[in-house]
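So the protein sequences, as listed, match chains A and B. One gets the numbering used here by counting positions in the first sequence from 1 and adding 372 to each. One gets the numbering used here by counting positions in the second sequence from 1 and adding 349 to each.
The hints are simulated quantities; they were obtained by calculation from the structure and are not laboratory data. Predicted model, so just to flag it, every value in this text is computed and none were measured. Glycine included, each C-beta is placed from N, C-alpha and C at the ideal position. Among the clues, some could well be false.
Said to hold, decoys possible - Simulated restraints on C-beta separations:
1) V379/B / E376/A: 31 to 41 Å
2) N396/A / L701/B: 33 to 43 Å
3) W616/B / R430/A: 22 to 32 Å
4) R471/A / G621/B: 23 to 33 Å
Stated by the list, open to error - Examples of chain B residues lying across from chain A (beta carbon under 7 Å, computed):
5) V448
6) R493
7) N494
8) L496
9) L497
10) V498
11) S543
12) L546
13) R547
14) D550
15) G551
To be verified - Footprint (simulated), chain A over chain B, 3 or more residues, beta carbon under 8 Å:
16) 484-492
17) 633-639
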Amino acid sequence: MRHEAKKISKLVDELLTYFLHHYNAAAEIEVTPGPDAYRLRMRFSGLTLNDDTLARLRQRLQVKRQPELEDYYWQLAGESDDSNELMLLGMMCDRIELRRAGPDAITIELLRRMR
Amino acid sequence: MAAITLRNGDQNGDRTRPPWGQPTDRQALVFLATLPLLLLITGLLIEPPGAVAAGLCRIITARSLLLSDYLAVGGPGATFVNAGLCGLIATALLPLARVAVNGPFIAAVYTVVGFAFFGKNIYSVWPILLGVWLYTRVQGIPFRNSLLVALFGTTLAPLVSYFSFAAGLAPVPGLALGWITGAAAGFLLPPLASHMLRFHDGYNIYNIGFTGGIIGSFFVAIFRGFALEVTPTTMMDQAVSGWLPGYFAVGCGGLMLWGLWLSRGGWRELAGGLHRIHGSSGRLVSDFLQIGNYPASLVNMGGLGLLSILFVRAMGGWFNGPVIGGLMTVVGFAAFGKHARNCLPIFAGVFLASLVKVWEPSTTAVVIAGLFGTTLAPIAGQYGVPAGVLAGFLHLSIVMNVGFLHGGVNLYNNGFAGGFVAAFLAPLFNAFKRREPRHAA
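Chain B with its partners taken away, still in its complex shape (with noise of 0.2 Å):
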C-alpha cells in the first residue's frame, strides 16, 4: 500500500516546490513591515518633525489606560510615526527569533499596530517583551516559543505607562514600579495563557485579552488594596474622521490588490483558498494562510477590513486611535480566523444590541465592541448565524461591564469579555446542537 508521508519537522520541510502562491521569508517580512512602514511615513509628512516629537513624549508619558486616544494625546503626526515604530519592533523580532511569517504573527504585529494608536507605546511594550523573555530564560526554552505571547501579551502595557508617569509617583520610583510589574505581567502570561484556552475552548480568538484581564484584575485589585487606585480613562479624539476613513480604505484596497498580484492569475486557486477559509469555523488554531493560501488570506484581509470600515459608517462612529486600532486587529486576524462569513452575524448582534438597550450605536465604545467583538466569530462561524448574532448582543452588556475589574490596564478588554462569552455559549451550544453528519475529513 501506498504511503503518504509528511515530514514536518526539518526547516525546508520535504516540499519539493513551496504551496501555490507562497512568497520567500524574506518577502513575507517585506509584506509584513509594509504596513508600519507607511505609517511611519504618512506620520513624518503629515506633521513637522518637531511636532511629532513632542506629540511622542506626550504619548509616552500619558496614562495609556483605556481608552486613552493617543491622536488626541499626541496628534496624528505622532500616533502615526508611534504605530509605525512599534509595528516594526514587532516585526523585527520574528527574524530575531527565528521565526517564520504565519497568520498567528500576522494578526500579533497588525494588533500591536493598531493598539498603539490607542495604548501601546514605544516605551512602554518592553517591560512586558522583557518578562516573557525571562520566563523563556527560567524554563530554559527559546524565546521564539512564546514570541507570540510576548507580542499580544503587549495588551499589558498600560500597567507600564501609567506606574512610570501617572500613578503620582516620583520619577525613580515610578519607572521601577512600571517596569517591575510589566516584567512580572509578562512572566505571569505565557504558563496562564496557555491554559485559559480551555476556559473557552478556542472559541474566543483573543486569548491573550482573557488572560491579561484576569493578571490585570489581580494586579489592580492588589493596588486597590494599597490605596493605588487605578480606573479606567476616557479621552477621545471626537473629530479626526476627515481623512482617515479613506487613508485606511486605500490600505485595505491595497491588500486585496497584493493577494490578487500574488496569485498571477491563479483564479482557481485562489477562489478554491478564499472558500477554503470562508468555510473555516475560525476557532484556534486556524491559520488561514494554511486554510487557503496567501494570496487568498490577502484578499480576505483587505476585503474584512473594507467591511469593517462600512460597518463603522453604518454605526455612525468616529474614525479616532480606538476605532483604526479595532479595524487594523480585525484586518490582521483575517489571517487568522476571522472572514466575512463568521464577523457579518457579530457585527448584527452587536448592533441589534445597541438599538435596544442603553448605549448609543454611534459612540466608539459601542463600535469597537462590534469591531473586536469579532473574537467571537468562531461561535458564528462553527454554531451558525442566529449563534453569532446572539454571541455579539450578549458581547457589547458583558464589555461594557468588566472593564472596572483591570481598570483599563488590559488594552484587549473585548477580549476579556470574549471569554466569558464564549466560555457562557459555547457548552450551551454543544449540549444541545444537533448530531453531526458523519464522514467529514
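One chain only, chain A, in its complex shape (with noise of 0.2 Å):
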C-alpha cells in the first residue's frame, strides 16, 4: 500500500486535532499494525459530549469507505486548524466504533484496512 503509514497518521492528527481544538481533550492513543489492517484506538477524556453532539459526531463519520476519494483526497487529513475533515476520515476507513467509555470520555476504535 502506497503511503499507508502516513495515512494513518493523518487520520490520528485529524481526530487529535479536531478534539483538542474543540474540547481541549485528552486523549490516549494506540496504534496497531496487522498483517492486513491497522487498528487505532483513541481515548479522549475531560470532554462532556451530549447525546445529540454524539449523534451529529456519528452523523459526520458514517461515510463508506471509498477509495475514489481517498486516494486523491487523503492529504487534506488533518491539516486544518478545526479539523473539518471528519467525513474524509470516514471515507479512510473500514469500521468506525465510537463508545462512551465514561461520564467524560469516549473512545473512538477504527479499523482500516489494506487494499
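Hey, can you piece these two chains together into the complex? The hints should help.
Below, the structure written as C-alpha cells:
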C-alpha cells in the first residue's frame, strides 16, 4: 500500500486536532499494525458530549469507505486548524466505533484494512 | 456503555435502510446521464445531421486553447452534441470503474459537460484518460482510485487538440505528439493533484485546475524553448444568447423540481438538508449528498444555477460557450462545496472589481471570472462574507494574469488562479482570525 503509514498518521492527526481544538480533551492513542489492517484506538477524556453532539459526530463519520476519493484527498486530513475533515476520515476507514468510556470520556476505534 | 459502530467498508455498509431520499445506484446514474442526453437530443433537433457532423469535425480539429467557443467554431447543434457525448463518456466511466455516484462525481461530469462547450471534445479527452489509466497500471491500483482525477484532468485536453491539429505539424507527427503530450500530462496528474491540495489547504475547489496550470506551464515553457509557441486564443460567439438563458433556466428549474419530487413531501428532511448544506464552508472535501441529502443537493444545484443565470444577466454578459461552461460547472459543484451563501460574496467581489479595474463587467472574461471564481467559495464559507468579497476582488486580477503561463492549454484557468488566491489569503485569515468557541460537533 502506498503512503499507508502517512495515511494512518493523518487519521490520528485529524481526530487529535478535532478533540483538542473543540474540547481541549486529553488523549490516549494506540496504533496497532496488523498483517492486513491497522487498528487505531483513541481515548479522549475531560470532555462532555451529550447525545445530540454524539449523534452529529456519528453522522459526520458515517461515510462508506471510498477509495476513489481517498487516494486523491487523503493529504487534506488533519491539515485544518479546526479539523473539518471528519467525513474524509470516514472515507478512509472500514469500521469506526464510538463508545462512551465514562461520564467525561469516549473511545474511538478505527479499523483500516489494507487493499 | 453502548457503542455506536459504523461499518464503512462493506459495499452495502451497515445501513439497514438507505439514507433519506437516496436513490438507487441505477437511478443516480440515470440522473447523471439526463443532462448529457438532453443536450445530445437538443443538438440533433436544432440542426440537420449533416451540419452537426461538419460542425463536429471543425470542433475536433480546432485549436481549442482558451477561449475557444465551440458555438462559434462548430455551431450550436454540433456543440450540444459534443457536450452530450462528452458527458455520456464521463458518465459511462463510473459503472465501468465500479464507482457510485456522489457529489464529487456529479461535479466532475457536469464540469466535463460544461467545458465541452469550449475546449474539450470527443477526441481530445481520451489521451488524458489514457495517461491516468497508465498511471494506475504502473502503480498497481484500480482505475477507480484515480477516476475523479481523470475526469477533472481533461482540463488539459487542449494540449491534445493543439498538437494534433493546430501546431502546424504534419498529420502523423502531429497526432502522435498530441497523444503523447496528452497521455504524459494525464500520467503526471494523480500524484501532483493530491500534493497540490496542501498548497491551498482545500480552499480552492478546482484543485485540478491549479494542478493543470502547473503541468501546463511546465509543458508550454519547454515547448517555447524549442520555438513551439503556444498562446491563448480568443474565438467567441457574441450573438447566441437568444434562447440559451431560457433553456438552461428551465433545466435548473427541472433540477429543483426533481429534488422536490425525490423528497416526496418530506419537507422537514429537505429543509434540514438544505440547512446543513448552507452551514458547510464548502472546503474540500464537502460532499453535499452526505452532508445534506440527495433531494436537498438537487434543489441546491438548481437554485444556484438560477442564481448564476441572474448573475450573468446582471453583469450584462452573453450566453456563449464559456459562460455556459461556467454555469454547468457551478451547478455541478453545488453538489460538492458551493451554495448561495458562499458563492454570492465571490460574485460580489468580482463585480466590484470590474467596476474599479480596467475590465468591463459585461465581457466574457469577467463574467466567467465571476462564475468560475466561485472556486474560492470555501474562503467565504469559512472566513465570512467580507473575506469572500475580498477573494473575488483579488481573483479577477490574478486570473487575468496567469493565462500566459500555460498558454491556454489549461482550461480551468480560474482554478489555477484560485489556487494562488486561496494560498495567499487562507494563511493570512488563519493568522488573524478570532479564537473560535469550543464544543462544536
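Here is how each hint holds up against the structure:
no.: 1; hint: V379/B / E376/A: 31 to 41 Å; verdict: 37 Å, holds
no.: 2; hint: N396/A / L701/B: 33 to 43 Å; verdict: 40 Å, holds
no.: 3; hint: W616/B / R430/A: 22 to 32 Å; verdict: 24 Å, holds
no.: 4; hint: R471/A / G621/B: 23 to 33 Å; verdict: 27 Å, holds
no.: 5; hint: V448; verdict: 5 Å, holds
no.: 6; hint: R493; verdict: 5 Å, holds
no.: 7; hint: N494; verdict: 4 Å, holds
no.: 8; hint: L496; verdict: 6 Å, holds
no.: 9; hint: L497; verdict: 6 Å, holds
no.: 10; hint: V498; verdict: 6 Å, holds
no.: 11; hint: S543; verdict: 5 Å, holds
no.: 12; hint: L546; verdict: 5 Å, holds
no.: 13; hint: R547; verdict: 6 Å, holds
no.: 14; hint: D550; verdict: 5 Å, holds
no.: 15; hint: G551; verdict: 5 Å, holds
no.: 16; hint: 484-492; verdict: holds (count 3)
no.: 17; hint: 633-639; verdict: holds (count 5)
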